[in-house]
Amino acid sequence: MLELRSSQVNDRSTRDQAPAPEAQGRTTDEEFVRQHYDHVFAVCYGILVNVHDAQDAAQETMLRGLVKAARRMGPDQLGPWIIRVARNLCIDRLRRRKRRGPPAEPPPTPSRQDLNAQLDLEQAIQRLPAELRVPLLMYYFDGRSAQTIAENLNISHSGVCQRLRLARRQLHEFLTEGSRE
Amino acid sequence: MKTACHPIRDLIADSVTGSLAAEQARQLDEHLRDCAACRRYAEALRREDRLLTQLVAGVISDVPARREQLLHALRHRPPQPINQPIRWRIAMKSRIGIVGAAAAVLLATVFGGPSLVGTFFGGSITFAQVIQPILHAQTVVVDTIVGEDETAPAIHDVVKGARIRRTMPNVDSVAIINLDQGRMLTLDPGQKAAAYVDIQGPVVEGTRSYLGLVREIVTRLKDRPDLPVTQLGRRAIDGRDVVGLEVREANTQLTIWADPRTARPLRIEVRQGQSFTILKNIEFDVPVEEALVSMDVPVGYTLHETTLDMREFTEQDFVETLRLWAQLVLDGKFPESLRLEDLMGQMRGIGEKIDHLDVPGEEKMQLGLKLWRGYTFFHVVAHGGAYRYAGAGARLGEAGKAIFWYQPQGSATWRVIYADLSTADVVAEDVPK
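Which chain is which? The protein sequence lines are A and B, in order.
So for the first sequence, my numbering puts the first residue at 1; every next one is plus one.
So for the second sequence, my numbering puts the first residue at 182; every next one is plus one.
Don't read these hints as lab results, they were simulated from the structure.
Bear in mind the structure is a predicted one, so any value in this text is a computation, not a measurement.
Just so you know, even glycine gets a beta-carbon here, dropped at the ideal spot from N, CA and C.
Be aware that a few hints might be false.
To be verified - On the chain A side, residues computed to face chain B include the following (Cβ under 7 angstroms):
1. D29
2. F32
3. Q35
4. E60
5. I91
6. L119
7. Y140
8. G143
9. R169
10. Q170
11. E173
12. F174
What the hints assert, rightly or not - Over 10 angstroms on every C-beta distance to chain B, these chain A residues come out as not near it, computed from the model:
13. D53
14. A58
15. R87
16. R93
17. L94
18. R97
19. E122
20. A130
21. T148
22. E151
23. R165
24. T176
25. E177
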């Protein structure tokens, strides 16, 4: 469940009674969230490969975006910027996670059963380097459009295609390790 | 797998992505007809493609709900301001609070504006050499001057990894900033006072050494060898022989002056919008004593603590800043200019004025922070678009005298602030001349 940590919740009710144009500001916030949340979530999931962590990171990214973005940047800058914030934030979390040791959650069930295919897949995805993993997952998030990924990650279209190619080949190797081709 | 299959496997991967050209598709079909191993490979990749689709579809199906949860939480936050407050733990008295910390906030925001987008940098060998120390140095000592006045007092930074020891000009205080922890230790050597400041949140995100900014720019530019660097030739600066490189972009200009023998940068100039910054006397990888950047309170210092709130920077904050500035510091007159370098010059005076007010220490600190909070709003505006300050000579309370006007981003109309601190929305034709 989502909860805003108490330190993030403003308590200005006793200080600011001015009839601020909050309705208007709020619409902008909503627009901002609606416009960017899904991409940001995709990037967070791409890096963290865990929906709960991704949700947490996406939320934090959005809050940061609301703080600064709206009044500073034009729409062309905002998109790439918020993606950058998300990426840095997630990479930071990964680093901290590594320092703390691997997460305890995913129980490794090394089964080759069909039912476990998804689990194997997730584990294999986690082993991909982030620069391959993120575009690969975004490809599926973004309705299989390499162009959208290129725009969001600010890399060339051919760069995206190349990463997808490497990602698929690498992923297949991870999935077939131990078995013979 | 046959050697001939190697390039085919790439085509297979591309075909799953859907990025195969017609000619390649034909080539692939031809190969698959005769090669069972590649057929199996193609089948496997397609199966993995289906699994990936399913996996992500499962995740995606929850995304709208997650988005709505966030929206719901946002809607039920108290209105205004929209961001999280920054908790300041800081000394109760003295200039540490009023000036030292506020200065750190300000410095943090100078470069917090939109970063360079779509910029360029050439691939000359000299440039490649010049950026090496910028990117890789473990320690850096650098003097920073805000503005173009070479003789203005410099901010002195000693950078070691993520820690910065920052000495402000005109202020007898030292700030030790730990960017990893989002924490700052301020020291007042005169009063032997120390305080910790939490700079979690937006401030720490914008906080970095000035060199950090240059690093960021250079990192982005080095992958763009398609656009040229201007060679500025040789020159003598600060008694040293240097060569210059320059890159320009819409509203940004980066100039690096380096030692021609070692290719080490000695001086860097950054222009962003209307702000100009000089980094000079740069030294890379000099030994830095651990104690200089230690977050521990030095022996003999007393630790003071209280909590301050630092929130969103709004126009209202800026109006309040103008009021305080005129009322407290300038005997009812508005400042001659709003330039950062001028404000830096007055910092000590402002601190002293506030120190001498007959109000409790806590209130003094709030005043100091208010001043800077509003000023930060001005910075954002100054970076973001059209504005004009015409407060020189105006007196607080004069009706109908416009002292500041700006066009908020994306707005068709302008906002005008008058000397009596009333405000108005004005269409472009009615903006004061």
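How the hints compare with the structure:
no.	hint	verdict
1	D29	holds (6 angstroms)
2	F32	violated (10 angstroms)
3	Q35	violated (10 angstroms)
4	E60	violated (10 angstroms)
5	I91	violated (13 angstroms)
6	L119	violated (10 angstroms)
7	Y140	holds (4 angstroms)
8	G143	violated (10 angstroms)
9	R169	holds (6 angstroms)
10	Q170	violated (10 angstroms)
11	E173	violated (11 angstroms)
12	F174	violated (10 angstroms)
13	D53	holds (12 angstroms)
14	A58	violated (7 angstroms)
15	R87	holds (13 angstroms)
16	R93	holds (13 angstroms)
17	L94	holds (15 angstroms)
18	R97	holds (15 angstroms)
19	E122	violated (7 angstroms)
20	A130	holds (17 angstroms)
21	T148	holds (13 angstroms)
22	E151	holds (12 angstroms)
23	R165	violated (4 angstroms)
24	T176	violated (7 angstroms)
25	E177	holds (13 angstroms)
In the structure shown, a violation is registered for the earlier hints numbered 2, 3, 4, 5, 6, 8, 10, 11, 12, 14, 19, 23, 24, in ascending order.
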